[in-house]
Amino acid sequence: MSLSEEKIVGMAINKEYAKFTYSITNPDDVFRKPEALDDVVVLDLSYGNFAGLFASSLLAEAGAEVIRIEPPGGDIARKMSPYGIMIKDAGLPYIVEGRNKFHITLDITKEEGKEIFKKLVKKADVIIETFRPGYMASLGLGYEDLKKIKEDIIYCAISSWGHFGCEAEKHANQPSYDLTDQAKGVIMSITGEPELDPEVPQEYKKPLKSGNWMGWYVGGAFATLGITLALFYRRRTRKGQFIDCAPCEGLFSIANYLFQFYHMTGRKMIRAGNYDYAVFPYSYFKCKDGYTFISGFTDPNWSALCEIMGREDLRQMFPTIKERLTPENQPKIQHEIEKWSSSYTSDEILQIVTEYSRRPDRKGVVVTGRLEEPIDVLKREHWHIRKTFVEIDDPYYGKVLVQNSSLKGMSETPGRIKWVCRPIGADNEFIFKKYLGMGRTDLKKLKSKGVI
Amino acid sequence: MGREDFVKWAEKEFDIKKVFEKPEALEGIVVIEFCTLILGPATPSYLSEFGATIIKLELPGMGDTMRSLTPWGRFPPDGAHAMGYLKESRNKYSVGIDLHHPEAKEVFKRLIKRADVFIENLRAGTLDRWGIGYRDLVEINPRLIYIANNGFGQWGPYVERPSYDAIAQSESGIAWITGFPNELPLKAGIWLADYYGALVSAVAVLAALYWRNRTGEGQYIEFSQAENMIRALDWTWIYQCLTGKGRERYGNRDVAICPSDVFVSKDKEYVAIGCATDEEFKGLCKAMGRTDLAEDPRFSTHLERLKPENQEALYPIIKEWVANTSWPEIDKLASQYGFGAEKVHCAKDMYTDPHFEVRGFKWTVDDPVSGKVVVEGIAPKLNKTPGRIKWIGRPVGVDTYYVLTKYADLTWKEIRELEEKGVIGSKWKDMPGRRPPKTWDGQSGIVYP
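Top line first, the protein sequences correspond to chains Z and A.
Using my numbering, you'd call the opening residue of the first sequence number 1 and step up by one each time.
Using my numbering, you'd call the opening residue of the second sequence number 453 and step up by one each time.
Same shape as in the complex, but just chain Z (with noise of 0.2 Å):
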């Protein structure tokens, strides 16, 4: 073992196991193994939008070899960057998503340009494309159209309202970001600064959205599902078939029971904060570095808390769920928690409530965890000895430091990153070689015209 055994098995109960699952997924054998969907060749056509281009990073992870095509200006997306911060042609997040992609160029609305796409999908197995609905069939390179080229392609089409239905061809004319996926999605209409609460300034209680790229992640997340149940099938089959993908039904397919609750009550959700007003408590609460999760919600587990408070009146004063969950009993428990939790840092919380959970006595379990800067997640040993994170000095982009792999933990075929990104048509001498035998006249006469 590399690593110090102390580190492997950290608080684990069960050391052994630690061990053995550390033996088998280590992530420093990454690289001996084999990659589960290295038969699989993938023409991404995504533009300016994240969700196709992670939805084809999952896949690239996972060892598909993704061609990436690009008009001869490049996407869009690489300028989609914080504060227009670039490194020369990629900006920040183009780089994050450009890994283990190889890079063309290729104008597909000329006429040469479409027949080399055609060639290139005799080669493929999977095509994404985020453009809008029916866009690639007015150009003739629709699903229909490829699938007399190669029968059995799979065809994915990402774009905001989906390819079909009455607003696919109401908004067929626009496109399509995370914010406006996010604001169909319904998530956002319940998340937020609390609306009961009084000490909330009246301007702040409104929608808010994931501070990330939720509604892009969700949608390519979703995408790349649907293309992996196609490739099972197609693998069973020889069939292909095609994908429709709209991110806001994605997002609101994981909004808890928001569906539900309106089809009951024909009501809105109000946005509940940090609370969950199905759950308390089940918050933040201050501490001495910021503030740290604590949870005590079921009667053994709020006993539990109490107990380590050293607070039993507390639990004698609000015995069972019933007072717990009345909302003029919150704010005066969040109070007496507070009370305690902030003379103390997030990770002493952290270390009483793991040690008293070890106790053969304990009442029941109360679960913490620190309201992470994201600067100080990077400092997280936890991380990285788990290699979350890792450090690639690329010959072109230079240092960057990125987000590993979410399926790195797989034992014979663990996702990876190979680069993290590659220039504007940079493997356009390598990619048209290998499968269309171009050679550097070629590639020099369709860079003249304006095709590559």
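The set of hints was computed from the structure by calculation and includes no laboratory data.
Only a predicted model underlies this, so the values are computations on that prediction, with no experimental measurement involved.
Note that beta-carbon positions come from the ideal geometry of N, C-alpha and C, so glycine has one too.
Some clues are possibly wrong.
What the hints assert, rightly or not - Below, in silico cross-link-like pairs of lysine-lysine (BS3-like), each with a Cα-Cα straight-line distance of 27 Å or less: (1) Z/Lys123 / A/Lys836; (2) Z/Lys147 / A/Lys734; (3) Z/Lys110 / A/Lys734; (4) A/Lys470 / Z/Lys170; (5) A/Lys734 / Z/Lys170; (6) Z/Lys170 / A/Lys561; (7) Z/Lys114 / A/Lys460.
Unchecked claim - Short, incomplete list of chain A residues facing chain Z, as computed with Cβ under 8 Å: (8) Thr488; (9) Leu511; (10) Val611; (11) Ile626; (12) Gly631; (13) Ala656; (14) Asp706; (15) Ile709; (16) Pro806; (17) His807.
Claimed, not checked - Which chain Z residues face chain A? A few, computed with CB under 7 Å, are given here: (18) Gly142; (19) Gln174; (20) Pro175; (21) Trp213; (22) Ser303; (23) Tyr356; (24) Val367; (25) Pro374; (26) Glu412.
Place chain A on chain Z using the hints.
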């Protein structure tokens, strides 16, 4: 094919009336689930929509704790289902079995012999301690795909730290970057890390199934929901590493796309507006009657617009325009000039929009036990092997006889003996969320005997 023809073609291709005539992608795949709450059970739910057989193992009588999770103690229809549980119970079979019992472990091992996938979300190492962990199961079935979902993974300093959705949201940093500047960080209004974690975990299972189809090899997968949230934080990490600055909160503004923010319209709707390409931005300027802005060197290209000082200069102009324009007008102009605009939808907007009925996203299930129920449909739409909802949920243990007869090769006599000993249990507690609705006829929906 023109655009309009395409949309019509797609509508026909995805006709929801034809769904049950078509095959299922995961037909024949058997998944055993020993999970509770959301992060675990939601993974097999996604697989169940596409044809996998999901056998959910639950404690006899009471079943999964999630069966209690519902707002205001309501269990529609007629005391049958917790709203929180309803969306993850679809298409599953429920088997009542107490795995603490040595004889139950033998039954469990028989099921594992027949299984393709096993999924659990207990604390790391628990099943191993019980003698039915991966090391034991792989001996019985080397082709098994075993996936363990939890908060922090199966090894490392924080292994065995209990985790909830809210922990993954706070420790990954997503809560910190969600919220208004100078106000408190906020977690998502939903159990985001649970559902999104289960979703990517389902992708991992499918990648493993694909690999097994190629090579015959099964595998072990450990999946951490907190790591999965960290993965979804787009440019956070590379930005911090390059600039040395921490990522903060920007409210509804997307500082990587400009314009992209939420504004209040004349008719008091919250309206999201977004454009990245210069063409789309020109469209917005035309709609606002401010074509001069598109020519302004501060705003003419996306990279210029993204500069902090130019963002500050541009947003007040859009804010004012939206404040003086109603949402229907903005919607019309956005469609005409081709920029991104959408009002913030609440559940009602989605529920009542005919668009989602055509798309089968509003799905009516005629459930054999509970009758007609309307539920949310399935997000990815596959034209040859579309997902479907066959039933919405089952009373605890109702499928015990059927599943053990079909998959565990137990005789009727053995089953009765095991039930008498309390090893297995086909009877639910007479409690909301566990039992069928009161209107149930006592027979319909029972598969065997």
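To see whether the hints hold, each was checked on the structure:
At roughly 22 Å between alpha-carbon atoms, Z/Lys123 and A/Lys836 fall within 27 Å of each other, so this suggested pair holds. Taken as a hint, the Z/Lys147 and A/Lys734 pair is broken in the structure, with Cα atoms around 36 Å apart against an allowance of 27 Å. The suggested pairing of Z/Lys110 with A/Lys734 holds, with an alpha-carbon distance near 24 Å, which does not exceed 27 Å. Straight-line distance between C-alpha atoms of A/Lys470 and Z/Lys170 comes to about 25 Å, which keeps the hinted pair within the 27 Å bound.
Straight-line distance between C-alpha atoms of A/Lys734 and Z/Lys170 comes to about 20 Å, which keeps the hinted pair within the 27 Å bound. Distance hint between Z/Lys170 and A/Lys561 is unfulfilled; the C-alpha atoms sit about 54 Å from each other, more than 27 Å. For the hint linking Z/Lys114 to A/Lys460, the alpha-carbon distance of about 24 Å falls within 27 Å, and the restraint holds. Interface hint at A/Thr488: violated, since its Cβ lies 13 Å from the closest Cβ of chain Z, which is beyond the 8 Å cut-off.
With its C-beta approaching chain Z no nearer than about 16 Å, A/Leu511 sits outside the 8 Å limit, and its interface hint is violated. Given hint, A/Val611 at the interface with chain Z, holds; its Cβ is 5 Å from that chain's nearest Cβ, closer than 8 Å. Among the interface hints, the one on A/Ile626 holds; its C-beta lies about 6 Å from the nearest C-beta in chain Z, closer than the 8 Å criterion. A hinted interface residue such as A/Gly631 counts as satisfied when its beta carbon comes closer than 8 Å to some beta carbon of chain Z; here the least separation is about 7 Å, so the hint holds.
Taking 8 Å as the C-beta contact cut-off toward chain Z, the hint placing A/Ala656 at the interface holds, the least distance being around 5 Å. Interface restraint check for A/Asp706: the shortest CB-CB distance to chain Z comes to about 6 Å, inside 8 Å, so the restraint holds. At a threshold of 8 Å, the smallest CB-CB gap from A/Ile709 to chain Z is about 5 Å, leaving the interface hint in force. The restraint placing A/Pro806 at the interface with chain Z holds, with a minimum CB-CB distance near 6 Å, inside the 8 Å limit.
Among the interface hints, the one on A/His807 holds; its C-beta lies about 4 Å from the nearest C-beta in chain Z, closer than the 8 Å criterion. The criterion of a C-beta within 7 Å of any C-beta in chain A is met by Z/Gly142, whose closest approach is roughly 6 Å, and the hint holds. Against a cut-off of 7 Å between C-beta atoms, the interface hint on Z/Gln174 holds, since the closest Cβ of chain A lies about 6 Å away. Against a cut-off of 7 Å between C-beta atoms, the interface hint on Z/Pro175 holds, since the closest Cβ of chain A lies about 5 Å away.
At about 5 Å, the closest approach between the beta carbon of Z/Trp213 and any beta carbon in chain A falls short of 7 Å, and the interface hint on this residue holds. For Z/Ser303, the suggested interface contact is broken, since its CB lies about 16 Å from the closest CB of chain A, more than 7 Å. Because the beta carbon of Z/Tyr356 sits about 12 Å from the nearest beta carbon in chain A, more than 7 Å, this interface hint is broken. For Z/Val367, the shortest C-beta to C-beta distance to chain A is roughly 5 Å, which falls under 7 Å, so the interface hint holds.
Here the hint on Z/Pro374 is kept, as its CB sits about 4 Å from the closest CB of chain A, short of 7 Å. Checking Z/Glu412 against chain A: minimum C-beta separation of about 4 Å stays under 7 Å; hint holds.
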